[in-house]
Amino acid sequence: GASSGHVLTANGSGGAVFQALPSAVAFGEDFTSVETTTFQSSSTANSFVQALRLNLSVTNGGDFLVMWHYVWSHNDTGNDFRGRVQLDDTTELLVPEHRQEPQDAGGSGDGGTDQRYTSSGFAVVNLTAGAHTVDFDYTPSANDESGVHSARICAFRVS
189 GASSGHVLTA
199 NGSGGAVFQA
209 LPSAVAFGED
219 FTSVETTTFQ
229 SSSTANSFVQ
239 ALRLNLSVTN
249 GGDFLVMWHY
259 VWSHNDTGND
269 FRGRVQLDDT
279 TELLVPEHRQ
289 EPQDAGGSGD
299 GGTDQRYTSS
309 GFAVVNLTAG
319 AHTVDFDYTP
329 SANDESGVHS
339 ARICAFRVS
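Going letter by letter, the sequence shown gives residues 189 to 347 in our numbering.
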């Protein structure tokens, strides 16, 4: 009889046999995502704070597409917001790191300013089977307030 995960193939003797399908990896395998919409802020210069972490369990090693998006603010006219995306807390995926001086101070709202900026990106990375992490960290370049208003990270297999 028919068997799930098998294919009927001719055996060359006028008959046929069921054989197991070759192991295939599906596009989108191990899809994982995480997001936050809780405002976070830091005013400690050059000390990265983790805003969001994706825990990824890879079934089969291969190439993965990692995508990120975040909404940020910075309450200063002379220093920078800095952001980075790292794989397994060591490999930089956002190269070079995001560094931007928005020229905005004062105002109202979370983080001491009413201005909001968006940033996003992606990277294709080769991952081995097992546990991996992708995180988005941020910091001000001086003791002024940098904020993250929302952030999202997702990853899935592409080959």
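Derived by calculation from the structure, the hints in this document are not laboratory data. A couple of the hints might just be wrong.
[Said to hold, decoys possible] Quick list of simulated restraints, FRET-style, between CB atoms: (1) Asn314 / Ser235: 47 to 55 Å; (2) Glu217 / Glu285: 52 to 60 Å; (3) Thr321 / Ala204: 41 to 49 Å; (4) Asp276 / Gly297: 45 to 53 Å; (5) Gln291 / Thr316: 39 to 47 Å; (6) Ser245 / Gly295: 14 to 22 Å; (7) Ser201 / Asp276: 28 to 36 Å; (8) Gly216 / Asp302: 49 to 57 Å.
Everything numeric in this text was worked out from a predicted model, so none of it was measured. By construction, the Cβ of each residue, glycine as well, lies at the ideal position given by its N, Cα and C atoms.
Now the hints, each set against the structure:
Between Asn314 and Ser235 the beta carbon distance is about 31 Å. The supplied range of 47 to 55 Å is therefore violated. The supplied range of 52 to 60 Å is broken by Glu217 and Glu285, whose beta-carbon atoms lie about 30 Å from each other. Taking 41 to 49 Å as the suggested C-beta distance range, the pair Thr321 and Ala204 conforms, at roughly 47 Å. Against the hinted window of 45 to 53 Å, the Cβ-Cβ separation of Asp276 and Gly297 comes to about 35 Å, which falls outside the hint.
Taking 39 to 47 Å as the suggested C-beta distance range, the pair Gln291 and Thr316 conforms, at roughly 43 Å. Between Ser245 and Gly295 the beta carbons are some 42 Å apart, a value that contradicts the proposed interval 14 to 22 Å. Ser201 and Asp276 have their C-beta atoms about 52 Å apart, which leaves the hinted 28 to 36 Å range violated. Checked against the hint of 49 to 57 Å, the pair Gly216 and Asp302 fails, with Cβ atoms roughly 39 Å apart.
Consistency note: the structure conflicts with the earlier hints numbered 1, 2, 4, 6, 7, 8.
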